[in-house]
Amino acid sequence: MAEKTAAPASESTLAQTFSKGLLEENPSLRQMLGLCPTLAVTTAVTNGLGMGMATTFVLVCSGMVVSLLRKVIPSSVRIPSFITIIASFVTLVMMLVKAYLPALDEALGIYLPLIVVNCIVLGRAEMFASKHGPVEAAADGLGMGLGFTISLTLMSAVREILGAGTFLGVRVLPPFIEPMIIMVMPAGGFAVLGVLIAASVWIEEHPRHKTRYVRKKVGPSASLCAACPINCGIGDPTDEACAKDEFVEMLEAAVTAARREKEEREGDA
Amino acid sequence: MAQYASILFSMILVNNFVLVKFLGICPFLGVSKKFDSAVGMGFAVTLVMVLAIAVTWPIQQLLDAWGLEYLQTIAFILVIATLVQLLEMAMKRYLPPLHASLGVFLPLITTNCAVLGVTILTIDEGYTYPQALVAGLGAGLGFLLAMVIFSGVRRRVEEAEPPEVFQGMPITLISAAITAMSFMGFSGVIDHLFGA
Amino acid sequence: MSSQTAGKGSSPSAFETIRPVVVLVVICMVAGALLGVVHSVTDPIATANAEKKAQETYAQLVPQAASFEPVDCSVEGCTAALEARDGSGNVVAHVIVAQSKGYGGQVPIAVAFGADGKVLSITAMSNEETPGLGTKIANDSYIGQYVGLGAESISADDIDLISGATISSKAALSAFNIAVTAYEEVR
Chain A
0 MAEKTAAPAS ESTLAQTFSK GLLEENPSLR QMLGLCPTLA VTTAVTNGLG
50 MGMATTFVLV CSGMVVSLLR KVIPSSVRIP SFITIIASFV TLVMMLVKAY
100 LPALDEALGI YLPLIVVNCI VLGRAEMFAS KHGPVEAAAD GLGMGLGFTI
150 SLTLMSAVRE ILGAGTFLGV RVLPPFIEPM IIMVMPAGGF AVLGVLIAAS
200 VWIEEHPRHK TRYVRKKVGP SASLCAACPI NCGIGDPTDE ACAKDEFVEM
250 LEAAVTAARR EKEEREGDA
Chain B
0 MAQYASILFS MILVNNFVLV KFLGICPFLG VSKKFDSAVG MGFAVTLVMV
50 LAIAVTWPIQ QLLDAWGLEY LQTIAFILVI ATLVQLLEMA MKRYLPPLHA
100 SLGVFLPLIT TNCAVLGVTI LTIDEGYTYP QALVAGLGAG LGFLLAMVIF
150 SGVRRRVEEA EPPEVFQGMP ITLISAAITA MSFMGFSGVI DHLFGA
Chain C
0 MSSQTAGKGS SPSAFETIRP VVVLVVICMV AGALLGVVHS VTDPIATANA
50 EKKAQETYAQ LVPQAASFEP VDCSVEGCTA ALEARDGSGN VVAHVIVAQS
100 KGYGGQVPIA VAFGADGKVL SITAMSNEET PGLGTKIAND SYIGQYVGLG
150 AESISADDID LISGATISSK AALSAFNIAV TAYEEVR
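Protein chains in written order, with numbering that gives the first Met the number 0: chain A, 0 to 268; chain B, 0 to 195; chain C, 0 to 186.
Extracted from the complex, chain A is given alone in its bound form (with noise of 0.2 Å):
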């Protein structure tokens, strides 16, 4: 009886490592990076889709570079080799924008060079791409940037639609109805991105929509965090608590429980 080796389970294929990172591992909503442009930028739907797409962009290509000069570059130079790859590319972005995209060059401002700084795409330069081929940074670059993009444009169209009544720049608020200034402004990015946030907890945790996993705590962990020297400063450094919560001992407890499980299967075969 021919017994096929079980694929190690680190390996996914293309449209797993695309697709984590739409809800699974959503940079904004589960991981917490990239931050300051979600509450920044997120004022109208069109500057959340473009600061997107731009930062998704930025993430496929840096990912792409990364990956293939990632057996030249030496271990000790690679995060400023990482950085001035990203800020190439990120400078190539607004290059373009200014020339072909003047409105979104003068409503992103500042936030458009602040991409080089944006924790997902260090952190998926170094966690992900120096350690897999170019088709697989890819794809995880253009999952990851999309999956930034739907919470960017989430974000945007609330905050859009309630704060200035509109929706892509059409009125879509009842006239009688005055928008709340207050969403368009810092406070209302705060709350909500942190309703945002709470509601995405809501929905993994319903009966109905369980998955694999509950989690109690939305933020950094051990799983995520570990060996990471992006350093995005979620994580307190002098704060031991912060290295390890229940989600990642919850983890850990049901990827043990699942192997001896298979080890039960495969030694009653």
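Hints should not be assumed to be uniformly reliable.
Unchecked claim - With a straight-line Cα cutoff of 25 Å, these simulated SDA-like cross-link-like pairs (lysine to any residue) come out:
(1) A:K130 x A:L67
(2) B:K32 x A:S199
(3) C:K52 x C:S39
(4) C:K52 x A:E105
(5) C:K117 x C:R18
(6) C:K135 x A:I160
(7) A:K130 x C:E15
(8) C:K51 x A:L95
(9) C:K135 x A:R259
(10) C:K117 x C:D157
(11) C:K135 x A:D104
(12) C:K51 x B:G66
(13) A:K130 x C:R18
(14) C:K51 x C:S99
(15) C:K52 x C:G31
(16) B:K32 x B:A159
(17) A:K70 x C:L23
(18) C:K52 x A:I160
(19) C:K52 x B:E68
(20) C:K52 x A:P101
(21) C:K100 x B:M180
(22) C:K52 x A:V169
(23) A:K70 x C:V21
(24) C:K100 x B:F8
(25) C:K135 x A:V171
(26) C:K51 x A:S75
(27) C:K51 x B:E68
(28) C:K52 x C:G104
Unchecked claim - Footprint (simulated), chain C over chain A, 3 or more residues, beta carbon under 8 Å:
(29) 26-38
(30) 54-61
(31) 99-108
(32) 174-184
Keep in mind that the hints were calculated from the coordinates and are not lab data. Just so it is clear, the structure is predicted and the values come from calculations on it, not from any experiment. The C-beta atom is built at its ideal place from N, Cα and C for all residues, glycine as well.
Based on the hints, put chains B and C in the right spot on chain A.
Chains B and C alone, transformed into the frame defined by chain A:
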């Protein structure tokens, strides 16, 4: 003199980097849980900001002179990354007590959008060298102020027990929203305070 | 014959130690060169865009003008001053672009002063004021108040400000006063 005071206070209050400009959110949400970390991070960021401006402002003049403005992003971020690295090494060697209290936050500051943001912003505003340095100081102090205030807020929120789906990041963000609202009251005050 | 410790490998050559720096420098140079190429392609387009947008604003203000000649303007806050000429080269109006600090940044306005020294037309250009509140200064109900005014500085008592957007309204007012000073200089 009034001009510098105006810039300083405008950066600390009216254009507060965290609560108005949305720069430096990641450490603001992450490191503000404990008061000591908040203060440490705030001072570390202020130090790096002023030093970064001190180095990048002259570099921008060079870039302008050579017509290479488009290399601003690459040049600035590499300079900041190198600066933080060197700063950490220098601190470890020459000021060990300072390194013990602030040094641990330095690696977090490399990819901090607040530092890159302040260097680009002071160029965009067209500040002179002394004005830019004062602006950097103001931006850092504003960051410190926001961190300290927020760490106090978070202490209270922790003891309050919000609903389950809101625990952790969501309630932190909503507290940040209310803190941001409190800063909205400052706009308009500065101009008239210094007769600008 | 030099003996090598088994399994330890040879000591790093000079090239190995500087290799990381070399790689980094090469990457920087390649990046810089590529960006230089793209810049030379996109910069003319970007400049042309900005120029086109400016020309459209001026044409909107002085429709009868055939051309706009820039002149020097040394007043602080004045970003551009132009003479609007008709087909025969006569000056029919002056266009001044001035700005003053508002709530979210500079508030630029463009004013056209007719040959009679009165405001021919005025428009509030794109700004970073609070959307829906400060941006109301672009509405005719506010900015329209300036049309027909003489070329002299005015104060907040002379016009109606937008309630709830005092800072933005006053910024537009200051910008107008700057434009007036600039007009006195170039007329």
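Now the hints, each set against the structure:
{"no.": "1", "hint": "A:K130 x A:L67", "result": "holds, 10 Å"}
{"no.": "2", "hint": "B:K32 x A:S199", "result": "holds, 23 Å"}
{"no.": "3", "hint": "C:K52 x C:S39", "result": "holds, 21 Å"}
{"no.": "4", "hint": "C:K52 x A:E105", "result": "holds, 13 Å"}
{"no.": "5", "hint": "C:K117 x C:R18", "result": "violated, 70 Å"}
{"no.": "6", "hint": "C:K135 x A:I160", "result": "holds, 18 Å"}
{"no.": "7", "hint": "A:K130 x C:E15", "result": "holds, 22 Å"}
{"no.": "8", "hint": "C:K51 x A:L95", "result": "holds, 17 Å"}
{"no.": "9", "hint": "C:K135 x A:R259", "result": "violated, 66 Å"}
{"no.": "10", "hint": "C:K117 x C:D157", "result": "holds, 16 Å"}
{"no.": "11", "hint": "C:K135 x A:D104", "result": "holds, 22 Å"}
{"no.": "12", "hint": "C:K51 x B:G66", "result": "holds, 23 Å"}
{"no.": "13", "hint": "A:K130 x C:R18", "result": "holds, 21 Å"}
{"no.": "14", "hint": "C:K51 x C:S99", "result": "holds, 23 Å"}
{"no.": "15", "hint": "C:K52 x C:G31", "result": "violated, 30 Å"}
{"no.": "16", "hint": "B:K32 x B:A159", "result": "holds, 15 Å"}
{"no.": "17", "hint": "A:K70 x C:L23", "result": "holds, 14 Å"}
{"no.": "18", "hint": "C:K52 x A:I160", "result": "violated, 29 Å"}
{"no.": "19", "hint": "C:K52 x B:E68", "result": "holds, 22 Å"}
{"no.": "20", "hint": "C:K52 x A:P101", "result": "holds, 10 Å"}
{"no.": "21", "hint": "C:K100 x B:M180", "result": "holds, 22 Å"}
{"no.": "22", "hint": "C:K52 x A:V169", "result": "holds, 23 Å"}
{"no.": "23", "hint": "A:K70 x C:V21", "result": "holds, 15 Å"}
{"no.": "24", "hint": "C:K100 x B:F8", "result": "holds, 16 Å"}
{"no.": "25", "hint": "C:K135 x A:V171", "result": "holds, 19 Å"}
{"no.": "26", "hint": "C:K51 x A:S75", "result": "violated, 48 Å"}
{"no.": "27", "hint": "C:K51 x B:E68", "result": "holds, 22 Å"}
{"no.": "28", "hint": "C:K52 x C:G104", "result": "holds, 20 Å"}
{"no.": "29", "hint": "26-38", "result": "violated (count 0)"}
{"no.": "30", "hint": "54-61", "result": "violated (count 0)"}
{"no.": "31", "hint": "99-108", "result": "holds (count 4)"}
{"no.": "32", "hint": "174-184", "result": "holds (count 4)"}
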